[in-house]
Amino acid sequence: MTAAATTTAVPARTYKAYGRPAWRRFLLTREMAIIALLVLVVVVSLAVVPHFDSPLTVTYLLRDIAPILLIALPMTLIIITEEIDLSVASIVGLSSVMTGLLTHGGWPFPLAALAAIVVGLIAGVFNGFLVTVVGLPSLAVTIGTLALYRGIAVGLLGTTAITDFPQDWTELAKANIPGTPVPAIMIPFVILAIIFAVLLHFTPFGRTLYAIGLNKEAAAFSGIDVGRTKFVLFTLSGTVAGFAGVYFTLLYSNARGDNATGMELQVIAAVLLGGVSIFGGRGALHGVIAGVLLIGVLGSSLRLAGITSDIINVITGVLLILSVVSASLLAWLQKRRSAAIGRKKGQAGVSSPSERATR
Amino acid sequence: MTAVATPPTAPAAGTSAASRIVKHIATARETGIVIALLLVILFATLRNPAFLFSSDGFRDLLLTPSLLLLVAVGQAIVIITRNVDLSVGSIVGLTAYLTGRLFIDVQGIPVIAVFAAGIVFGGILGVINGALVAFARVPALVITLGTMYIYRGINVAWTGSNRINASDLPADFRGLGTGQILFIPILTIIAVVVLVVAAWYLRNLRSGRELYAIGSDPAAAHLYGLNVTRRVIAAFVVSGALSGLAGVLFAARYGTVSSGAGLGWELQAIGAAVIGGVAISGGVGTVWGAAIGAYLLLTINRALPILGIDDFWQRAVVGVLILGAIVLDRVLAVRQHRRLIAQREQAR
Numbered sequence: 002m003t004a005a006a007t008t009t010a011v012p013a014r015t016y017k018a019y020g021r022p023a024w025r026r027f028l029l030t031r032e033m034a035i036i037a038l039l040v041l042v043v044v045v046s047l048a049v050v051p052h053f054d055s056p057l058t059v060t061y062l063l064r065d066i067a068p069i070l071l072i073a074l075p076m077t078l079i080i081i082t083e084e085i086d087l088s089v090a091s092i093v094g095l096s097s098v099m100t101g102l103l104t105h106g107g108w109p110f111p112l113a114a115l116a117a118i119v120v121g122l123i124a125g126v127f128n129g130f131l132v133t134v135v136g137l138p139s140l141a142v143t144i145g146t147l148a149l150y151r152g153i154a155v156g157l158l159g160t161t162a163i164t165d166f167p168q169d170w171t172e173l174a175k176a177n178i179p180g181t182p183v184p185a186i187m188i189p190f191v192i193l194a195i196i197f198a199v200l201l202h203f204t205p206f207g208r209t210l211y212a213i214g215l216n217k218e219a220a221a222f223s224g225i226d227v228g229r230t231k232f233v234l235f236t237l238s239g240t241v242a243g244f245a246g247v248y249f250t251l252l253y254s255n256a257r258g259d260n261a262t263g264m265e266l267q268v269i270a271a272v273l274l275g276g277v278s279i280f281g282g283r284g285a286l287h288g289v290i291a292g293v294l295l296i297g298v299l300g301s302s303l304r305l306a307g308i309t310s311d312i313i314n315v316i317t318g319v320l321l322i323l324s325v326v327s328a329s330l331l332a333w334l335q336k337r338r339s340a341a342i343g344r345k346k347g348q349a350g351v352s353s354p355s356e357r358a359t360r
Numbered sequence: 314m315t316a317v318a319t320p321p322t323a324p325a326a327g328t329s330a331a332s333r334i335v336k337h338i339a340t341a342r343e344t345g346i347v348i349a350l351l352l353v354i355l356f357a358t359l360r361n362p363a364f365l366f367s368s369d370g371f372r373d374l375l376l377t378p379s380l381l382l383l384v385a386v387g388q389a390i391v392i393i394t395r396n397v398d399l400s401v402g403s404i405v406g407l408t409a410y411l412t413g414r415l416f417i418d419v420q421g422i423p424v425i426a427v428f429a430a431g432i433v434f435g436g437i438l439g440v441i442n443g444a445l446v447a448f449a450r451v452p453a454l455v456i457t458l459g460t461m462y463i464y465r466g467i468n469v470a471w472t473g474s475n476r477i478n479a480s481d482l483p484a485d486f487r488g489l490g491t492g493q494i495l496f497i498p499i500l501t502i503i504a505v506v507v508l509v510v511a512a513w514y515l516r517n518l519r520s521g522r523e524l525y526a527i528g529s530d531p532a533a534a535h536l537y538g539l540n541v542t543r544r545v546i547a548a549f550v551v552s553g554a555l556s557g558l559a560g561v562l563f564a565a566r567y568g569t570v571s572s573g574a575g576l577g578w579e580l581q582a583i584g585a586a587v588i589g590g591v592a593i594s595g596g597v598g599t600v601w602g603a604a605i606g607a608y609l610l611l612t613i614n615r616a617l618p619i620l621g622i623d624d625f626w627q628r629a630v631v632g633v634l635i636l637g638a639i640v641l642d643r644v645l646a647v648r649q650h651r652r653l654i655a656q657r658e659q660a661r
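Chains A and B, in that order, are what the protein sequence lines are. Going from the first sequence to this note's numbering is simple: count from 1 and add 1. Going from the second sequence to this note's numbering is simple: count from 1 and add 313.
Where hints are given, some of them may not hold.
Said to hold, decoys possible - What the simulated footprint calls covered on chain A by chain B, stretch by stretch (three residues with Cβ under 8 Å from a Cβ of chain B suffice, anywhere in the stretch; the number is not a length):
id: 1; stretch: 127-136
id: 2; stretch: 139-151
id: 3; stretch: 180-188
id: 4; stretch: 273-281
id: 5; stretch: 285-292
Claimed, not checked - Here are some of the chain B residues that sit facing chain A, going by a computed Cβ distance under 7 Å:
id: 6; residue: I437
id: 7; residue: V440
id: 8; residue: P452
id: 9; residue: G459
id: 10; residue: Y462
id: 11; residue: G466
id: 12; residue: F486
id: 13; residue: S594
id: 14; residue: F625
To be verified - Away from chain A, derived, C-beta distances all over 12 Å, residues of chain B:
id: 15; residue: A349
id: 16; residue: S400
id: 17; residue: R414
id: 18; residue: I422
id: 19; residue: F448
id: 20; residue: I456
id: 21; residue: G473
id: 22; residue: G490
id: 23; residue: F496
id: 24; residue: I497
id: 25; residue: N517
id: 26; residue: W626
id: 27; residue: V630
id: 28; residue: D642
Think of the hints as simulated: they come from the structure by calculation, not from any bench. Predicted model, so just to flag it, every value in this text is computed and none were measured. In this text, a Cβ means the ideal position worked out from N, Cα and C, and glycines have one as well.
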């Protein structure tokens, strides 16, 4: 994401942060701020918005944001390595069209779904190939493949839609976990989320992602195969988007070329809101999941309160900007404070480690 | 990617000015895309002469891409500073609706005032983008993703289910959208004038060159003493103002404006710039390239059905073009890199 960097990077994490006690390091983070905001919104909605606590609200909310939740997992990993994947929504559309065409062509549904996921995987491999082997910036590559995959999806199916799918499967997509208002899709999501969280936060592989995002030259010199790592991430992203495409198709019983248009920006907005730095090297999955849920809950409760969806867009935008601007404001305040402390001690010329990291 | 910056190839002794110009044109990054554009027009015209030779065909060829051209020029300037502006489509939509509202709500408002209002309004939206990006030191992708949602949301809330109809607009304003001078549509003339001014500014003025310096290496530009903050804000203001102008012209050209006006233009404008050789990593490219890219994108759109391909495939073709353009840039950059190394070895 070097492309969008304006000037010097916002300091990711300074040495000072590691000197704090563990509980402060855990509680005073952007992730916790988002989670707190999410809790606040849920509590206020429960108190104020009628029908917000009905099981149906929960079901619909989780169903609708499930594709975003799924795609946000690999997207988090990609953005941590300072890349981006804008083509995910187009892959959802393409996979949806493949599901429809193959089912319509007489394939048994599980086979058609598998093929659609494989199509997503291939799309991800192509992204990864262009980014790592050819060595192109991922922003440009995925703007191109965004148009390409969407174009293939629309080209294959035109403006028609395929709407007949085996009822067993569409019901499965809409089913809840027995006895709860929670959709069954949350089971694969939770499994995936655990896998991704373990991968990112508790394995050497996860640490290499942060290392690449912070400084890819240094990472390469310390023996990390940067290209292969990114290739794996783009492949994962495509595959998960393919799976989300199958789910999307079943949920709405509808395979169309323009399914999920614009979802890439929703996913990216949620990931950034969740505290992942677009400069790479910073972010955590619990923040991202809270970010997706925050946008979802906010939207759902505002809709129930009778506020139209365009205002929800405005709020999403404001939240996104506030979250990134507040981060750099905090960094700036901290810098000023440490500079002031430095002056008080009569060592005006010496800058603190955090200040040096900023400059 | 910085290596592709139209190399001021040191002329070997004895080459004349004319041969230098020929060489420059032959190696310019924009030449390839001009040829692609001409080929598309040629094949479409061979297939159906009306594509170029009917008066409607000729007019459409010039007119349809003119609006996108304005947005793409602004986008190119922003991308050259190593930023990106995702909010342009929303700005087009907002100003297009503002244009209609002004004509409805202010009886007898002069057309020129509406133009000024659109440009200033777009510029103000650009200032917001630029200030947030430059002062908060946050990547433009994030900021303009946010303002894209905000501006579009405001637009939808303001428009509601209303729409501007052609009958709401005065005849002389509508005339701008359809009128022509010497067979050339007025909107195209406006777009080309803007293009020439922008190209001249970027090429010749110090502040224009500084945009390239900033895009090549923001940190170095800052250390060198360039006012990065001010230049970046200025680039966003230009992008916003040009999108505002495009919004006013949108109303003139189409007559009807709903809340969906300009939807998706941000990706078309970025696509046009990238196809035209403006490197997404900043510091490289010209507004000429972006303008031709805009023409190529929309001309292909019209040519596909004539060439016997469903226009459903248009986006796929556009995707292939964007990918082709960035791969080509990469190949050129690698070649340039090798050539420079070879020269260094020889010089030893």
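- [ ] Would you list, in rising numerical order, the hints stated earlier that this structure does not obey?
- [x] Hint check: 3, 5, 6, 7, 12, 16, 19, 20, 21, 26, 27 and 28 fail, others pass.
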